[in-house]
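Enquirer: With my numbering, the residue at position 460 of the first sequence is 460, and numbering never jumps.
Keep in mind that a hint or two might mislead.
Derived CB-CB ranges, DEER-like [said to hold, decoys possible]:
1) R323 - E62: 27 to 37 Å
2) I456 - T2: 36 to 46 Å
3) T85 - G134: 36 to 46 Å
4) R158 - A355: 50 to 60 Å
5) G60 - E118: 26 to 36 Å
6) T460 - A359: 27 to 37 Å
None of these hints come from the bench; they were simulated from the model.
We put the CB at the ideal spot given by N, CA and C, even for glycine.
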Amino acid sequence: MTRLKLYNTLSGRIEEIVPSDGQPIKMYVCGPTVYSRAHIGNFRTFMATDMLRRTLKFLGMEVLEVMNITDVDDRIIQLASAKDTNIEAFTEEPTRAYLEDLATLRMEIPEVMPKATEHVGEMIALIEQLMARGHTYTVDGSVYFRIASFPSYGGLSRLDVSGIKTGARVDTDKYEKEDARDFVLWKLKGDEPPWAQWDASFGRGRPGWHIECSAMSMKYLGETFDIHCGGVDLIFPHHENEIAQSECGTGKLFAKHWMHVDHLLVENETMSKSKGNVYNIPDLLARGFRSDQIRYMLAQSHYRKAFNFTWDGLAQVETALARIHTFWNRLLEETSTPAGPAHDDVVQAATSALAAFEAALANDLNAPEALAAVHGLVSEGNSVADRGTVNGAGARVLLDALKKMDQVFACFEPPTGDLLSGDEQALFDARQDARKRRDFSAADVARKALQERGVILEDTAKGTRWKRVRA
RNA sequence: GGCGGCGUAGCCAAGUGGUUAAGGCGGAGGUCUGCAAAACCUCUACUCACCGGUUCGACUCCGGUCGCCGCCUCCA
1 MTRLKLYNTL
11 SGRIEEIVPS
21 DGQPIKMYVC
31 GPTVYSRAHI
41 GNFRTFMATD
51 MLRRTLKFLG
61 MEVLEVMNIT
71 DVDDRIIQLA
81 SAKDTNIEAF
91 TEEPTRAYLE
101 DLATLRMEIP
111 EVMPKATEHV
121 GEMIALIEQL
131 MARGHTYTVD
141 GSVYFRIASF
151 PSYGGLSRLD
161 VSGIKTGARV
171 DTDKYEKEDA
181 RDFVLWKLKG
191 DEPPWAQWDA
201 SFGRGRPGWH
211 IECSAMSMKY
221 LGETFDIHCG
231 GVDLIFPHHE
241 NEIAQSECGT
251 GKLFAKHWMH
261 VDHLLVENET
271 MSKSKGNVYN
281 IPDLLARGFR
291 SDQIRYMLAQ
301 SHYRKAFNFT
311 WDGLAQVETA
321 LARIHTFWNR
331 LLEETSTPAG
341 PAHDDVVQAA
351 TSALAAFEAA
361 LANDLNAPEA
371 LAAVHGLVSE
381 GNSVADRGTV
391 NGAGARVLLD
401 ALKKMDQVFA
411 CFEPPTGDLL
421 SGDEQALFDA
431 RQDARKRRDF
441 SAADVARKAL
451 QERGVILEDT
461 AKGTRWKRVR
471 A
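Produce the entire structure from the sequences given, and follow the hints as far as they go.
Expert: What follows is the structure, encoded as structure tokens:
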């Protein structure tokens with residue numbers, strides 16, 4: 001079995017992912033905070049983790065993935081209060097929208113998607129454990145983690161935390177801490193509404209942000225698990241804090257492997273509401289792009305490199321992906337060609353493309369290189385098809401290879417189900433009639449009319465095909 | 001200031017201490033076609049920000065310069 005080699009933030013090296021005997025690969029992804037619709041930057045990260053889990057499966061491994069839904073946080077409480085509602089009602093829509101977007105992008109649904117509010121008990125238990133082991137202190141009823149009690153703190157981010165001095169930063173928590181590096185595990189009941197408070201042995205209040213990931217990951221994956229994923233911005237302090245509270249709570253190694261996905265920029269700028277460049281999935285769909293094109297765009301980049309989203313780039317994706325779709329359709333048609341064994345060069349093309357594809361992904365999820373293998377298959381396949389040496393069996397071999405690759409990219413299969421409208425169908429038929437009469441000027445009029453509606457025609461030996469392009 | 005990353009053709013983007021520096025988009029020419037589209041063929045970086053160094057040999061390793069970016073504070 002080919003092993004996946006993945007960069008590990010913890011060691012700073014590329015290391016193999018090896019499942020514990022008989023166990024699935026256990027991965028945790030820091031999921032969305034459901035206070036508004038997730039944007040394409042969020043999905044850049046989640047697309048990378050989707051590619052990770054699909055690659056693991058492609059390489060023959062089982063996967064157990066947990067992705068949390070953060071449904072308690074200051075923004076949520078604030079927004080829900082302002083709307084005179086509560087957490088459950090307020091987060092319902094953003095959560096639904098998130099799941100809808102995941103489906104749109106054909107991301108596999110993680111095996112477990114726990115909500116923070118449903119795991120406050122586990123968080124309290126972990127905090128009690130930390131208290132018992134002497135890693136906490138309490139100020140005005142709020143419980144803090146004492147970083148001084150965890151000497152290896154800072155190992156993930158390689159930050160010299162001693163430089164972070166008390167009072168050296170703006171403390172938005174408005175709670176007093178012994179040391180600025182310390183972080184809150186439990187916030188004492190303040191002026192938040194009753195629906196944002198929970199009872200704990202150490203006082204009524206609400207959990208800090210970091211504790212939920214520790215509690216939920218360990219509940220479903222065990223105290224030590226394989227891969228922990230998230231955006232690069234979470235390395236510090238979130239993941240650093242997770243490690244501290246988890247390892248101090250259990251005395252065991254928390255996550256073996258840390259995968260961090262770099263950010264997405266829009267036209268070379270960071271996304272921000274003031275710039276008006278924060279796009280979400282419905283925004284892109286509204287511009288006429290299809291979900292498979294959006295998926296291809298997000299999946300094509302290397303996860304450890306900043307990805308620059310541009311409208312021009314998305315337009316380039318349209319053409320590149322159309323080439324693959326056209327090839328797929330061509331193979332479907334060729335499979336009905338008379339049988340006989342597949343030619344050697346066809347089998348060879350499929351085999352070597354698949355090998356290159358697998359090797360690329362196994363090498364730290366090198367998506368661009370994997371895509372090169374896909375396009376290589378398309379080129380060679382088209383080439384032999386043009387030479388007429390692809391019979392039904394050969395086409396099936398090529399299509400099987402492409403389908404195999406699509407287990408990871410999930411956007412190579414041409415969109416189906418799209419139909420011509422009545423008007424369009426009438427124009428299409430009229431053109432076919434005109435062509436039969438060899439009245440080509442009439443035929444071209446019909447084609448032009450269809451083109452203006454975004455329908456492009458292709459006359460082939462097996463009939464006339466049509467496809468829709470962005471108007 | 002500290003830590004880290006990036007700079008490859010018109011655009012996007014891989015890559016390696018040593019044969020012709022992947023692939024896609026775009027462009028040029030050709031084949032095919034009623035015309036197109038699709039596809040195929042040929043061409044499109046004598047060069048990998050710049051300057052030094054190490055080496056038999058560097059785009060790939062080291063040092064420096066310039067430029068861009070991220071983190072050190074909530075953030076995918």
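Enquirer: Are I456 and T2 spaced within 36 to 46 Å by their CB atoms?
Expert: Because 40 Å falls inside the window, the suggested range holds.
Enquirer: Quick one: are T460 and A359 within 27 to 37 Å, going by C-beta?
Expert: Given range 27 to 37 Å: holds, Cβ gap about 35 Å.
Enquirer: For the range 50 to 60 Å, tell me whether the beta carbons of R158 and A355 fit it or not.
Expert: This hint is violated: roughly 37 Å between Cβ atoms.
Enquirer: Between T85 and G134, is the Cβ distance one that fits in 36 to 46 Å?
Expert: Given about 40 Å between the Cβ atoms, the range holds.
Enquirer: Quick check on a hinted range of 27 to 37 Å for R323 and E62, using CB atoms only.
Expert: Cβ of R323 to Cβ of E62: about 34 Å, so the range 27 to 37 Å holds.
Enquirer: So does G60 sit 26 to 36 Å from E118, Cβ to Cβ?
Expert: 33 Å, holds
Hint check: a violation occurs at hint 4 only; the rest are consistent with the structure.
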